[in-house]
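Asker: The lines below spell out each chain.
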Amino acid sequence: MERGRAGGWRAYRNLFTRALSAHLAYGGAVWMNLLSLGAGFSFTLLVWRFALRSSPGSAFFAYLALAFAVNFTLGVAFERYVGDRIREGLIATDLLKPVDYTWFFFVQGLSDVAFQACFGLGVVAVAWAALGQALAPASGLAAAQGLLSLALAFVVQFHIGFLFVQMIFATHSNYGPFTTRMLLHNTFSGIFAPLDLYPGALGTLARWLPFRHVVYTPCALWLGRISGPDAWGALASQAAWGLALMLASRLSFGLIRRHLTIQGG
Amino acid sequence: MRELRVLWRAFRTTLQTRLEYRADLALGLAGSLGLQASSLGLLWVLLHASGGALGGWKPAEIGVLYGMTAMVQGTSELFFNHIWWTPTYVIRGQFDRLLVYPVRSLPFFLVTCPELHALGNLSGGLCLTLAFGRAAGLPPWGLLGLPLWVACGSLVHTSVLVLAGAVTVRVKGAYNQLFWLTNTLLQNSRYPMSVYPVAVQGLLLVCVPLAVASWVPASALSGRLPLWPALLAPPLAAAVMVALAWKAWDKAFEGYESSGS
Chain A
5 MERGRAGGWR
15 AYRNLFTRAL
25 SAHLAYGGAV
35 WMNLLSLGAG
45 FSFTLLVWRF
55 ALRSSPGSAF
65 FAYLALAFAV
75 NFTLGVAFER
85 YVGDRIREGL
95 IATDLLKPVD
105 YTWFFFVQGL
115 SDVAFQACFG
125 LGVVAVAWAA
135 LGQALAPASG
145 LAAAQGLLSL
155 ALAFVVQFHI
165 GFLFVQMIFA
175 THSNYGPFTT
185 RMLLHNTFSG
195 IFAPLDLYPG
205 ALGTLARWLP
215 FRHVVYTPCA
225 LWLGRISGPD
235 AWGALASQAA
245 WGLALMLASR
255 LSFGLIRRHL
265 TIQGG
Chain B
2 MRELRVLWRA
12 FRTTLQTRLE
22 YRADLALGLA
32 GSLGLQASSL
42 GLLWVLLHAS
52 GGALGGWKPA
62 EIGVLYGMTA
72 MVQGTSELFF
82 NHIWWTPTYV
92 IRGQFDRLLV
102 YPVRSLPFFL
112 VTCPELHALG
122 NLSGGLCLTL
132 AFGRAAGLPP
142 WGLLGLPLWV
152 ACGSLVHTSV
162 LVLAGAVTVR
172 VKGAYNQLFW
182 LTNTLLQNSR
192 YPMSVYPVAV
202 QGLLLVCVPL
212 AVASWVPASA
222 LSGRLPLWPA
232 LLAPPLAAAV
242 MVALAWKAWD
252 KAFEGYESSG
262 S
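Quick note, the sequences are listed as chains A and B, same order.
With my numbering applied, the first sequence corresponds to residues 5 to 269, in that order.
With my numbering applied, the second sequence corresponds to residues 2 to 262, in that order.
The set of hints was computed from the structure by calculation and includes no laboratory data.
Virtual Cβ for every residue (Gly too), placed ideally from N, Cα, C.
Misleading hints may appear alongside valid ones.
Unchecked claim - Now the stretches of chain B that chain A is said to cover, found in silico as 3 or more residues with beta-carbon under 8 Å:
| no. | region |
| --- | --- |
| 1 | 35-42 |
| 2 | 141-148 |
| 3 | 196-210 |
As the list claims (entries may be wrong) - Sample of chain A residues facing chain B (criterion: CB under 10 Å; computed from the structure):
| no. | residue |
| --- | --- |
| 4 | 58 |
| 5 | 107 |
| 6 | 108 |
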């Protein structure tokens, strides 16, 4: 962190608290978000229910429910915020603040996740009532690995997002970076189906990209779809991706901010 | 006629403004084409798991539905995209100016924010429709109806967005999710309707008829339905939805109070 002093930590802690309480003012928007995403998820369930009608299995739907809850909880998208700030020239004020810009968004994202987790847990509770034991962790170890993986998933998700946000400094608009990230996330994170069901080249590509570590890895670990030595391998890969993405995003931010054009006035 | 000229000029001017963001145009085009590739990838996963067909529809026939839906979305984004800004403008009080312009507010508002990534959806959708239509063995004369179906689909889609916009004028707040909900319904109208329970079919074909301009024509061209519903239902759905949306928009602004600073 840029400010190693106690005052620096206090600033980030205060930011977290304020950001969390700000969410309470926009509770309606979160409900709408949940409704919208829930509608999309319901269609996914209906389509899969039809597609797998000859071999229905609650394990598959338990995965989908958990994937939805994890995806909703980790849903941090600050492209629009940063895009608007860059277009209006307000980014200059942000960069002058006595906090590190990456950590500023990390803490903001953490507060988003803490708030959204309440709703995510609600989704899990409803799914548990419907699917029962299918949603339970495969074992105590699987539960611990799943939770550890969820924490690492946030690190991976945040730094992927922050890398894409930096593209707005060059494009001056958020659509391109946002769409590119979302299409990669939607395809390769495993929110539509477990990645072990992906055929051929699509499955290979998904295994090479970091997006699987945002949704698939924590869900698969929890449900025991990945177990034994593979589970530790998945966690190690997730941690390595998190670290690599963090280094890449910090390095590239140092470069991209030199090319920032302040607009407005 | 004069109003149409004003609308065309306003559209062209704002189009020029959008062209200033060249890098975003390139990324946006790549993004919208990528989104289509991504949705086809997920369709591949679904078909792989379901044994190669869905509800009696072959992959190429479902590909036609995907292509037509992308063209509908692209047309809406190119010509009527401004509606997405309604919640922001309400909060910032930016509708005040619009309401005193000597033109009807809704069409002028809709055409003054074209999105260039729409070109990716339009061109990608056209390529998908043509390629999959050929692979599915659909009759080539079906292409004659394509402009009508895409235009009607876009009017239905835009009308649903305008209804959502009218709600956000009345219920102030950051309710952009109503627009996303509309797009979610559009995206899910690209599966064969037989996949869904009757209630959902009713939703997508009658209440929010987003599937009428793609599923009905594709069904007619593939011999599942006679041709006349494909010629009558999309224009009828578009006319009803446009009338409803326009009425709701005008109603929403009755007693409108400015806000912002």
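Asker: Compare the structure with each hint and give your call.
Answerer: Now the hints, each set against the structure:
With a threshold of 8 Å between beta carbons, the proposed coverage of the region 35-42 of chain B by chain A holds, since 5 of its residues qualify and at least three are required. Only residues whose C-beta sits within less than 8 Å of a C-beta in chain A count toward coverage, and the region 141-148 of chain B has 0 of them, not enough to reach three; the restraint is violated. Here the region 196-210 of chain B counts 4 residues with a CB under 8 Å from a CB of chain A, which clears the bar of 3, and the coverage holds. The closest approach between the C-beta of residue 58 of chain A and any C-beta of chain B is roughly 8 Å, which is under the 10 Å cut-off, so the hint is satisfied.
Interface restraint check for residue 107 of chain A: the shortest CB-CB distance to chain B comes to about 26 Å, outside 10 Å, so the restraint is violated. Because the beta carbon of residue 108 of chain A sits about 21 Å from the nearest beta carbon in chain B, more than 10 Å, this interface hint is broken.
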